Amino acid sequence: MPFKPLDPLLHSELRLAVMSLLISSEEAEFPYIKEQTGATAGNLSAQIDKLSAAGYIEVEKTFKGKKPCTLCRITPAGLKAFEGYVEALKSYLKVDSK
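Just so you know, we're using this note's numbering here: the sequence shown kicks off at -16 and counts up by one.
Honestly, the hints are just simulated from the structure, not real lab data.
Below, computed lysine-lysine pairings styled on BS3-like, alpha-carbon distance capped at 27 Å: (1) 17 to 44; (2) 50 to 33; (3) 17 to 47; (4) 63 to -13; (5) 17 to 50; (6) 44 to 33; (7) 17 to 63; (8) 33 to 63; (9) 73 to 63; (10) 49 to 17; (11) 33 to -13; (12) -13 to 73; (13) 33 to 47; (14) 17 to 33.
DEER-style ranges, computed between Cβ atoms: (15) 63 to -14: 13 to 23 Å; (16) 73 to 45: 29 to 39 Å; (17) -13 to 51: 32 to 42 Å; (18) 28 to -6: 12 to 22 Å; (19) 50 to 23: 12 to 22 Å; (20) -13 to 48: 43 to 53 Å; (21) 76 to 33: 23 to 33 Å; (22) -14 to 46: 43 to 53 Å.
Given the structure is predicted, the values throughout are model-derived calculations rather than measurements. Cβ coordinates follow ideal geometry from the N, Cα and C atoms, glycine included.
Put together the whole structure using the sequences plus the hints.
Below, the structure is given as structure tokens:
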């Protein structure tokens, strides 16, 4: 049986980490994602932009008092893509997904 293709957008370690964090929470603020992933602000911002452009996450820029606040949420399309990625990985591991 051939391997299922892996979504190249999710195959990046940092983008996969961002998606994993957002799967388990309704939303997450940029500093929290940065802290959890250990990424630099610039790299994280670039990867969030790629996920947002693909429709996998939505980004809301607001303010907390006078400080800017960036909130990230996974979209239904992002959830479907993540689940597909996990299923594809299972095919590589020869794990029965039933």
